[in-house]
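J.: From just these sequences and the hints, can you work out the full model?
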Amino acid sequence: MDAPLPGGDSPASPQGPDLLWTPEIEEDIDQWRSTGNFPFTQLQLQAHPPAQNLSVVDLRLIYHVSSISERMQSTGVTKFTIWTEQIPLFLHIASSYEFVMHSILAFSATHLAWITESPETNNIAYQHRGIALKGLHEAIGRFSKENSDAVLAASILLSWQAVDWRGWASLMQGTSTVIDAMQPWRNESNFTAFMDEQATFPKAPASPHSMHSGVSDRAQLQQLGVLGPLFDSLQRLRPYVAGRVEEMRAVDDLSNFISTLGSTLPVTNAEEQFQLLHPLRSWLFWIPISFLNCPKTDLQVMAVLAHFYAAALAVEPLFPAAGVAYFSGLSVGPIEEMHKMLYEMQRAQGPSEDLRIAMTLMEYPYQLAEAFRNRMGWAPHPNHHHHHHQHHARQQPTPAYTSIPNSPYIVHDLRPADYLGGGYNPAYNQSTEHLSVGTASSPHLAPSPGSSSRPHSGYFPPSPMHTATAIYQTGTGARYHSGGQSPSSYFGGYLEEQPALDFPTAPLPPPMHNYTTGFVAQPLWT
Numbered sequence: 000m001d002a003p004l005p006g007g008d009s010p011a012s013p014q015g016p017d018l019l020w021t022p023e024i025e026e027d028i029d030q031w032r033s034t035g036n037f038p039f040t041q042l043q044l045q046a047h048p049p050a051q052n053l054s055v056v057d058l059r060l061i062y063h064v065s066s067i068s069e070r071m072q073s074t075g076v077t078k079f080t081i082w083t084e085q086i087p088l089f090l091h092i093a094s095s096y097e098f099v100m101h102s103i104l105a106f107s108a109t110h111l112a113w114i115t116e117s118p119e120t121n122n123i124a125y126q127h128r129g130i131a132l133k134g135l136h137e138a139i140g141r142f143s144k145e146n147s148d149a150v151l152a153a154s155i156l157l158s159w160q161a162v163d164w165r166g167w168a169s170l171m172q173g174t175s176t177v178i179d180a181m182q183p184w185r186n187e188s189n190f191t192a193f194m195d196e197q198a199t200f201p202k203a204p205a206s207p208h209s210m211h212s213g214v215s216d217r218a219q220l221q222q223l224g225v226l227g228p229l230f231d232s233l234q235r236l237r238p239y240v241a242g243r244v245e246e247m248r249a250v251d252d253l254s255n256f257i258s259t260l261g262s263t264l265p266v267t268n269a270e271e272q273f274q275l276l277h278p279l280r281s282w283l284f285w286i287p288i289s290f291l292n293c294p295k296t297d298l299q300v301m302a303v304l305a306h307f308y309a310a311a312l313a314v315e316p317l318f319p320a321a322g323v324a325y326f327s328g329l330s331v332g333p334i335e336e337m338h339k340m341l342y343e344m345q346r347a348q349g350p351s352e353d354l355r356i357a358m359t360l361m362e363y364p365y366q367l368a369e370a371f372r373n374r375m376g377w378a379p380h381p382n383h384h385h386h387h388h389q390h391h392a393r394q395q396p397t398p399a400y401t402s403i404p405n406s407p408y409i410v411h412d413l414r415p416a417d418y419l420g421g422g423y424n425p426a427y428n429q430s431t432e433h434l435s436v437g438t439a440s441s442p443h444l445a446p447s448p449g450s451s452s453r454p455h456s457g458y459f460p461p462s463p464m465h466t467a468t469a470i471y472q473t474g475t476g477a478r479y480h481s482g483g484q485s486p487s488s489y490f491g492g493y494l495e496e497q498p499a500l501d502f503p504t505a506p507l508p509p510p511m512h513n514y515t516t517g518f519v520a521q522p523l524w525t
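No gaps in the numbering here: position 173 of the sequence shown is 172 in numbering that gives the first Met the number 0, and each next residue is one more.
No false leads were mixed into what you were given.
No more than 25 Å apart at the CA atoms, straight line, and that leaves these computed lysine to any residue pairs for SDA-like:
hint	residue 1	residue 2
1	Lys-78	Arg-243
2	Lys-144	Met-194
3	Lys-78	Arg-374
Source of the hints: derived by calculation from the structure; they are not laboratory data.
T.: If you want it as C-alpha cells, here you go:
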C-alpha cells in the first residue's frame with residue numbers, strides 16, 4: 000500500500016526528499032531489487048522497468064505511480080481520473096527509452112512534492128524533467144516509426160507537468176506534429192486507442208461564447224453567464240457533502256477559486272491566462288487520486304470530482320488564448336464515466352433517494368461535457384443509449400500531407416518550483432499584478448499538414464518559438480517510411496543549437512492546500 004505513515008510522518012531526513020516511505024514499501028522495493036519481479040502484476044506490463052538499472056529513489060517513484068494505477072484499476076475507477084489508465088503503457092515504453100522513464104519519474108516526483116510540500120522532492124522532479132526534455136529533443140533528431148511512440152509518450156507526460164506557458168505551448172504543438180507524423184502507421188502504434196479515445200489534441204472551432212482579445216467591458220463578460228451556473232451548482236452540492244470534511248473543503252476551495260477568477264477577468268494575455276488557471280490544472284491531476292481511495296460507489300466523491308472536471312469545461316470559453324480546451328478535453332471522459340456508472344447503479348439497484356440526488360447533481364457537469372463533445376465533433380459511444388452518454392473519441396482526419404512543419408519543441412524556463420506542484424491555497428493571490436509578462440507578439444504556429452482547413456483554436460496556442468532563447472538541433476537521422484523523408488524534413492532546421500542543461504537548486508514551492516483523503520492508511524487497501 001502506497002500511503003504515508005500515520006500522522007503524515009515519513010522516514011525522510013530533514014535534508015532529503017520526502018518520498019513517503021513506509022516499511023511495507025521498503026520491503027516491496029527490496030524484494031523487487033533482489034528478484035527483478037515487478038510488484039504490480041495486475042498492470043500486466045509486457046515489459047517492465049529493469050530494477051537493476053535504477054536507483055532506490057527511482058524505484059520508489061515508479062512504485063508510487065504504479066501503486067496508484069493498480070489501485071484505481073482494481074476498484075474500477077481508473078477512468079474517473081485523467082492519467083492512471085495510461086501508466087501501464089507509459090511504463091512499457093519507458094522500459095526501452097530512458098527519456099520516457101525520466102518523464103514518468105518527474106511526474107511521480109511532482110505528485111509526491113504536491114503531497115509533502117518538500118522542496119527536495121520538487122528538485123528531483125525538476126532534474127528528471129530536464130533530462131527527459133533533453134532526451135526528447137535527441138529522439139526527435141532520430142525520429143522514426145520505431146521511436147514515435149516514445150516521443151509521443153514523453154511529450155504527453157511533460158505537457159501534463161508544464162506550468163510555464165511557452166514550454167507548454169511548445170509541447171502542445173510538438174505533440175500535434177508527432178501525431179500527424181504518425182498517421183501512416185497509426186494503427187500499428189500503442190497509442191492508437193489513446194489518440195482516438197482520449198481525443199487529447201483535437202483541433203476544434205472556438206466556443207461560440209469565447210472571450211476575445213478586444214473584450215474589456217465587464218458587463219459583456221457577465222452576459223456570457225459562464226461562471227454563474229458553475230457557482231450555483233457548487234452551492235447545490237454543499238448540502239450533499241455536509242459532514243464530509245475533505246469533500247466540503249474541496250467544494251469550498253473550488254468555489255473560492257471560481258469566485259476569485261470571476262473578479263479577476265477579463266484577462267486577455269495568454270501567459271496570464273495560463274498562470275491564472277494553474278491551481279485548477281493541478282487539481283485536475285491530483286485531487287481525484289486523493290478522493291478515489293474509497294469504494295467506487297461513493298456518490299458524494301463522484302459528485303465532487305465531477306464538479307472539478309466541470310470547472311475546466313466551464314471556464315474554457317473565457318480563456319481561448321491559453322489552450323484551456325486541452326484540459327477541458329481531458330475532463331470529458333471522467334465525467335462521462337461517472338455519469339455512466341450512476342445509471343448502471345440505478346439499473347442494478349433500482350431507484351433510491353441517494354441515487355436521485357447524485358444523478359441530479361451530475362446533470363450540470365454532464366451537460367457541459369456533452370456540449371463540449373458535440374462542438375469537438377467526437378463520435379457517440381456505441382454502448383450508451385438511453386442516457387445519451389457519448390464516448391469522447393475524436394473523428395480522425397484523413398492524412399493528406401507531404402511533410403511536417405518545423406518542430407516547435409523548445410527548451411524554455413525549466414523552472415523547478417511549482418511544476419504542477421502545489422494545490423490551490425485560499426490565501427493565494429489570484430490577482431494579475433504578479434503576472435507582468437507583455438502580450439506575446441509571436442505568429443501562430445504553422446498548421447499541421449492535412450489540417451490547414453481546420454480553424455485555429457485554443458487547443459494549439461500561438462507559437463512561442465520566435466521568442467525562445469534555447470533551441471535544439473534535430474540532426475538528420477534515418478529514413479523511416481515509404482516516402483523516404485528524414486526526420487529533419489519533418490521537424491525542420493529550426494532546432495539549431497543544443498545548449499547544456501543545468502539544474503539549479505529549486506526554491507521552496509508556494510503554500511499548498513492538499514487533500515489527504517487518499518493517502519491515509521485505510522482498511523480498504525489492506
